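Assemble the whole structure, with the sequences as input and the hints as a guide.
Residues per chain, in single letters:
There are 2 protein chains.
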Amino acid sequence: MTTVTSPRPVATAAEPTVDVAALEHVLLGRWGDLRKATRELLADPRFHKVEGLPLAEHRERVLGQLRLLVSEGEVLRAFPAELGGADDHGGSLARFEELVAADPSLQIKSGVQWGLFASAILHLGTADHHARLLPGAMSLDVPGVFAMTETGHGSDVASIATTATYDPDTQEFVLHTPFRAAWKDYLGNAALHGHAAVVFAQLVTSAPGEDPVNHGVHALYVPIRDPQTGEFLPGVGGEDDGLKGGLNGIDNGRLHFDHVRVPRANLLNRYGDVAEDGTYSSPIASPGRRFFTMLSTLVQGRVSLDGAAVNASKLALKIAVTYGNQRRQFTGASDTDEVVLLDRQEHQRRLLPRLAQTYAQAFAHERLLATFDDVFSGRADSDTDRQDLETIAAALKPASSWHAMDTLQAAREACGGAGYLTENRLTSLRDDLDVYVTFEGDNTVLLQLVAKRLLSDVAKDLAHIDAGTMARLVAERAADVALHRTPLTRVVQTLADGGDVRRSVGQMRSTEAQRELLTDRVETMVAELAGALRPAGKASRAEAARLLDAHQHQMVEAARAHADLLQWEAFTAGLSKVDDEGTRQVLTWLRDLFGLTLIERNLAWYLIHGRLSAGRARVVGSYVDRLLERLRPHAQDLVDAFGYGPELVRAAIASGAEAERQDEARAYYREQRAGGRAPRPEPKPERAKA
Amino acid sequence: MTTVTSPRPVATAAEPTVDVAALEHVLLGRWGDLRKATRELLADPRFHKVEGLPLAEHRERVLGQLRLLVSEGEVLRAFPAELGGADDHGGSLARFEELVAADPSLQIKSGVQWGLFASAILHLGTADHHARLLPGAMSLDVPGVFAMTETGHGSDVASIATTATYDPDTQEFVLHTPFRAAWKDYLGNAALHGHAAVVFAQLVTSAPGEDPVNHGVHALYVPIRDPQTGEFLPGVGGEDDGLKGGLNGIDNGRLHFDHVRVPRANLLNRYGDVAEDGTYSSPIASPGRRFFTMLSTLVQGRVSLDGAAVNASKLALKIAVTYGNQRRQFTGASDTDEVVLLDRQEHQRRLLPRLAQTYAQAFAHERLLATFDDVFSGRADSDTDRQDLETIAAALKPASSWHAMDTLQAAREACGGAGYLTENRLTSLRDDLDVYVTFEGDNTVLLQLVAKRLLSDVAKDLAHIDAGTMARLVAERAADVALHRTPLTRVVQTLADGGDVRRSVGQMRSTEAQRELLTDRVETMVAELAGALRPAGKASRAEAARLLDAHQHQMVEAARAHADLLQWEAFTAGLSKVDDEGTRQVLTWLRDLFGLTLIERNLAWYLIHGRLSAGRARVVGSYVDRLLERLRPHAQDLVDAFGYGPELVRAAIASGAEAERQDEARAYYREQRAGGRAPRPEPKPERAKA
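Residue numbers (my numbering), protein chains in the order written: chain D, 380 to 1069; chain W, 380 to 1069.
Just so you know, these hints were derived from the structure itself, not from any lab. Predicted, not measured: the structure shown is a model, and the values here were computed from it. Misleading hints may appear alongside valid ones.
Repeated chains share a single entry, so a pair holds when one copy, or any two copies, can fit it.
With a straight-line cut-off of 25 Å between C-alpha atoms, the simulated SDA-like cross-links for lysine to any residue are [unchecked claim]:
1. Lys1063 / Ser835
2. Lys415 / Leu612
3. Lys956 / Arg409
4. Lys1063 / Ala918
Put into structure tokens, the structure is as follows:
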């Protein structure tokens, strides 16, 4: 499969040119060979989403695709070599992320089986589980369910209500669902295909002679269906979640347990174990830290959603830019030639800033994936490394999933009625991507975690922190914030001072000025938050909770600003990977467009905080417009460099059909004019002429 | 069907209360009885969308629903009394708008049949057509197609390529599709059900002895299918558009014509006729004005989309606010009680400003519908009245359709994973509403029309204006703009001047201050645009086109600001319709929230233009937060007042089931604590305690 480039306007001599193949190579990144191999595999129509399939057929098709992946897709790379894997964590995720181009249901159902179900056995279990349970999970002989979320608790996993109570007489856990809100819910593979589940429950046990203690959330391996009949095992019940807004190739469902007995050996006991007599033990003394350590082994879900969301944005822009480069509507300077949509300013405004952000996110994701690989390979897995990984993932996954939704919708609208047809994929991808903003951590909740991390160096028990503790941490932290501030004031001051408009635009174009404006904003927001929250340290719990809540929006905004900065820094670092001068020039304009768009979006903040004068702020918009003009001739190159061939784009309007239709129509009119066959237009009445 | 109100927090004594029934009455407006009757009809499950139906079944179901409407739905109100209608234009649209709550496909397919197909016969045809063709269209004996858009031309209808060439020898028109881009496309009823079509084509004819002249776009009534067999008639061909992002109850498709002969009598000849000998005549001398007069008879499509989009936003908020008022997650001030989502600031930020805008749009739509009724009833149908109607519709339909998409998505995300389940309707409504931003005038194109109208008093040939003419009009207009400016400077100046923060908040809360800030922005933007475009008056066509395009984004933004103002003014006027004092107080806060949110959204503009000082701008956000706190206790009342009973809401999470689940879970834990049966939590290790 080779990269297909599309027709584009001929660049004038003075224009830099983009080396599309070299740029594609940079974008494919460290795991580029694996990504390309996966795309070649996915060119096979057997992996493609068939639109409009009835629910049951779509579910069966995706299950079948998972089986194909087992034999052809190297889905086991992340597992240990001794179990048939390759100990390749980054490469494994890179492959899974590419699946979104075939069918997002395929990506997510694969994620359920190998990224959640089998991974939980690997990371939360020990040698016996690996030997006894992993082979079935890896080979898909045992389709599995990751049963964590309940109808009543999604974001607050620590409060799930399912209990696993140890019975020393039989050496079993009694797994039980106490009420309706405690049903496990939204679980992939639960409605139909799952034979076993990793079930998260409050582990209750007592040492001999002592009262029962709740040791918090632990995971157990629980068979749920008879593999022969597909019927639920005794005590297990469930429900189909039915149709969803998208991802209907996955059989999401609900599970509940009525005093189901699970052998002691099925407790995934790496971080917490129960002896025969009921005595609990754990290598991690703090219950809070233990809980977050267990959850942190599952961070790969967020990482791969980030990568897949960026890929969805790339597809959206490949489709919309290609169509916008061929579609014509309304005449402009000419009587006979209609204007190509992408030559219109508003069309550029709709698509090019989103293209810039997609590039930024692609570079940011590559960094995240490298960090993930460092941690999971053990090359750099200190507590701080893990916390950094989690914070970056918690910042980037919201940014990229919201961006994908925004970009898919903008692309769909930019393609007009054609964008609404399912054959052009944009609505289908949007429907599938929608829930990426919710699962593996609701975006708004994740951003609050990021804000807490920004506010606090005390990262253990980070997310589980209650209002009082949080307030105290913030109070301690507030004093330190100043230390972390780089000496921004000088340069920012320069921007606020006098000088003509051209010079101020030149200044904002500089990498340093953009960096300082973006960094300053994050640091100032965090410092302001810390100051505002300081009184909570001495307040009552109720008052502290009220104060925290009154700043929830500011926390979310600060975390977003941090995510913006991460993306901008990654894009800026990425520029150095580009050797070709013309390509680097164009990418630098694109990075500038991203930086300036961020500043434009938050212009009021910069004005209120005196970081930009009104005069400087006024020119940001016109500089964005100038960048749009410069980038417009390169738009097609920039989307072609994503490297998606027609088998992965699969949108009728991006197939070249529109260009053919336009050429045919223009040829017809040209011929009519040349042959004098065109009827003359009705003359305007005399008074209108005057 | 009575209004079902939901449980809500008990208001404190000092709080004003909302008279929900009275507010519902105000919101239902002038055509409230018809709206209520329609909702009662739609409570019948026969009208409800069945999710997940295969394409073919959904299409048949909606066709069947249209037949039910013929017998039970008073769909003919807008038609003349002598033909069985009621000459009730506003009331008719009010009824159609309500259909969206049953199934948006039902609303839009009804719109195709009665709002487009039959309406075109009524408004573009004459007595013979009314007698001969309307009865079948009205009774649905002849399901019809409105064949205007082509694959190659949607927004620029004047450039469609289908031709109708008069042949005096046979007194027929020869209807022909010259190339692929000229296929009619995206047409409801075209794929399957349509037996006839109103086809728009370039009308070419010649007076005896003269060369053929193209008189521009005209409409012809064309049978397309054999009603017995359902097969295309000779020379007619077509294609199914297939699956769409939504509205799959409508059989959209393509049509093309190969020298199809249409009797001369089938030209809908109210605005342009061809005599037996081929001589063309029209009551409107200017071809441009004639074209826009023909199109303007179809403005009701935009009006009813505006109303339906507002209704979709109401449904979204009814669902999300009800759920957010029952769903609990994370503890706050209490160890045992989790916090109701809507008590969280960020949740309020997501939902309440959108609720405020939905109210504004509801009041704005009521005004638009009244204007529409005045024009179409003939009570006020001067050229200016019609142009005002078109401009308001072109401003409001983009605002409400984008707002519906934004609100449905925000509501879906605010409901988390539950929001993604089809049973909760939010994704389904979003998918159906998506194309409302494109059809009946692409939002971005409509906003440019609004901007042109704002820029130009010379309203004839408004939309068809070429770049040179536009530039000249603008140049003339620029001098006049100052005349239209109300004396804002004084009050705005006061806001920028000194005084403490509390006072400035108080000032921005005042109706006059909000009005002046919002009005000033529109007028200044238009004046700036006019100034910037002035040089185009003397420029070459190419240069004028370039200049116009360089300000396209500003034009769109100015039109949006105008639409914001229209909504705000309508909301403000609406306050006076509320007699109950408490209700009016709460609605006034809601109007303030809308006004302040608009100012917050455009804060950079106010700062750059010196309309607000940095100090004043800084408090806008905190005043928004204060309004959220004030409005929060009334949120349920405000969505209950939309008057949708359970048959129209039909979302499992808004049915009370969530409250039941939460109550059951809390009762369980209470009982456990009371009975001493709750296992104690694992103690924190010593060092963590220290």
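The hints, checked one at a time:
{"no.": "1", "hint": "Lys1063 / Ser835", "in the structure": "between (73 Å within a copy, 21 Å between copies)"}
{"no.": "2", "hint": "Lys415 / Leu612", "in the structure": "neither (43 Å within a copy, 50 Å between copies)"}
{"no.": "3", "hint": "Lys956 / Arg409", "in the structure": "within (12 Å within a copy, 65 Å between copies)"}
{"no.": "4", "hint": "Lys1063 / Ala918", "in the structure": "between (78 Å within a copy, 23 Å between copies)"}
The structure does not agree with numbered hint 2 stated previously, though it agrees with all others.
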